[in-house]
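2 protein chains.
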Amino acid sequence: MSKKSELLAAAELRVRDGGYANFSFRELASEVGIKSASVHYHFPTKEDLAAELAYQYTERFLTSLGDPSAYVQQGKNPIEVYTEHFRHALLVDKQMCLCGLLGAESGSLPEKVKHETKRFFKRNINWLEQAYTSLHITNSESEITSKAMTTLALLEGALMISKTLDSIDVFEHATAAIKGLAEIMGETTGRKK
Amino acid sequence: MSKKSELLAAAELRVRDGGYANFSFRELASEVGIKSASVHYHFPTKEDLAAELAYQYTERFLTSLGDPSAYVQQGKNPIEVYTEHFRHALLVDKQMCLCGLLGAESGSLPEKVKHETKRFFKRNINWLEQAYTSLHITNSESEITSKAMTTLALLEGALMISKTLDSIDVFEHATAAIKGLAEIMGETTGRKK
DNA sequence: ACAAACCTATCAACTGATAGATAGCTTAGT
DNA sequence: ACTAAGCTATCTATCAGTTGATAGGTTTGT
Chain A
1 MSKKSELLAA AELRVRDGGY ANFSFRELAS EVGIKSASVH YHFPTKEDLA AELAYQYTER
61 FLTSLGDPSA YVQQGKNPIE VYTEHFRHAL LVDKQMCLCG LLGAESGSLP EKVKHETKRF
121 FKRNINWLEQ AYTSLHITNS ESEITSKAMT TLALLEGALM ISKTLDSIDV FEHATAAIKG
181 LAEIMGETTG RKK
Chain B
1 MSKKSELLAA AELRVRDGGY ANFSFRELAS EVGIKSASVH YHFPTKEDLA AELAYQYTER
61 FLTSLGDPSA YVQQGKNPIE VYTEHFRHAL LVDKQMCLCG LLGAESGSLP EKVKHETKRF
121 FKRNINWLEQ AYTSLHITNS ESEITSKAMT TLALLEGALM ISKTLDSIDV FEHATAAIKG
181 LAEIMGETTG RKK
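Protein chains in written order, with my numbering: chain A, 1 to 193; chain B, 1 to 193.
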């Protein structure tokens with residue numbers, strides 16, 4: 001692994017724990033065994049480093065997710081695959097979603113970093129829309145968008161609260177609610193039961 | 001307003017924008033017109049200041065919410081009252097929920113601050129449980145807990161994402177889903193349709 | 001010869017925190 | 001009524017530490 005990617009890995013741990021302010025060039029440098037001035041060779045400014053971190057995090061996340069419709073063809077539910085990624089963050093990584101944390105701080109984030117954070121959410125909503133479309137349970141596009149956004153918001157919120165309370169309860173209830181989303185929304189949006 | 005509460009007000013704006021690291025004693029001091037050393041008179045350490053901020057935020061939030069069952073008696077839905085509080089943060093304050101942000105950072109927060117943040121969430125879940133109980137739509141206690149946790153997670157997540165994307169869309173879809181929660185959960189938990 | 005990857009040394013700025021002084025108010029003792 | 005003691009809220013001055021960033025030099029591989 002190159003020093004550059006070692007730096008990003010070290011930064012990721014810190015940002016997912018405490019946000020943008022929770023890492024310094026000196027810390028990262030000493031962790032990977034170089035000097036702080038050398039970090040500036042790879043990343044001109046702190047803003048650049050964090051922006052690239054968020055960019056690569058997004059790419060890795062989406063690559064790992066793969067193609068939503070492929071899961072359906074295998075008889076798997078892509079939404080369950082998606083929730084498993086968040087469960088992994090909570091139980092294995094024991095860390096926040098990088099962009100969940102950056103998003104919360106977005107009000108005081110450098111422009112490039114905020115831009116990459118937005119990109120993460122847009123891409124994720126898009127993936128979830130494709131997933132719900134592939135499941136072809138509901139018809140209207142607005143219902144699909146609604147489910148996609150609700151799913152993402154629920155997972156980000158549940159991850160944050162479960163991590164804070166040191167208990168998986170909120171997360172488990174949230175994912176149970178997502179499983180019910182398919183039947184739910186059809187009932188309340190438009191059609192009255 | 002006393003200097004102490006002015007300091008807390010100034011700190012709140014900054015923390016709700018960028019988290020624990022986004023305020024300094026000097027900034028607060030100069031904003032309220034005293035010197036940074038004097039801030040230590042009111043709050044021995046930064047940790048103490050942030051902990052008191054989170055404590056008072058929680059008290060103010062719950063006081064403002066009032067008694068959930070009282071709304072039911074007035075023919076109002078306390079869950080809608082609750083979601084309005086979050087909508088106010090998004091559209092009027094244009095800020096995060098203080099504890100939503102601190103919760104995201106909880107991995108690197110001083111102990112006292114993390115404790116107060118946990119307290120916020122526990123109290124809010126409790127309030128929502130009372131609210132869903134007062135509505136007596138569903139019966140089982142675990143269904144009520146599930147709805148309470150899901151509602152909170154959804155609102156915290158939706159607020160964060162809507163703020164980041166600079167669009168109310170995610171928030172609107174999330175609150176619509178909460179309105180559907182009553183009918184939803186009964187369908188999916190236990191009873192099969 | 002050249003460039004990528006690193007170094008040393010240093011900068012100005014900012015951080016939380018402390019020590020010690022002061023002015024003004026309140027209270028208790030006589 | 002006067003004073004001594006103590007509290008509240010602020011100040012000046014300063015500390016040691018950290019921060020992101022820069023200029024310019026060195027090493028290493030091709």
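It is possible that part of the hints are untrue.
Which copy? The list can't say, so a pair holds if one copy fits it or any two copies do.
No more than 20 angstroms apart at the CA atoms, straight line, and that leaves these computed lysine to aspartate or glutamate pairs for EDC-like [what the hints assert, rightly or not]: (1) Lys112 to Glu129; (2) Lys122 to Glu172; (3) Lys3 to Glu129; (4) Lys118 to Glu172; (5) Lys179 to Glu143; (6) Lys118 to Glu6; (7) Lys76 to Glu6; (8) Lys112 to Glu143.
Just so you know, the hints here were simulated from the structure itself, not pulled from any lab data.
Evaluated hints:
1. Lys112 to Glu129: Classified as neither: same-chain Cα gap 26 angstroms, cross-chain 41 angstroms, threshold 20 angstroms.
2. Lys122 to Glu172: between (25 angstroms within a copy, 16 angstroms between copies)
3. Lys3 to Glu129: neither (37 angstroms within a copy, 50 angstroms between copies)
4. Lys118 to Glu172: Between. Shortest inter-copy distance 18 angstroms satisfies the 20 angstroms Cα cut-off; intra-copy 26 angstroms does not.
5. Lys179 to Glu143: Both: 15 angstroms inside a copy, 15 angstroms across copies.
6. Lys118 to Glu6: neither (25 angstroms within a copy, 33 angstroms between copies)
7. Lys76 to Glu6: Close neither inside one copy (35 angstroms) nor across copies (55 angstroms); limit 20 angstroms.
8. Lys112 to Glu143: Neither: 32 angstroms inside a copy, 43 angstroms across copies.
In the structure shown, a violation is registered for the earlier hints numbered 1, 3, 6, 7, 8, in ascending order.
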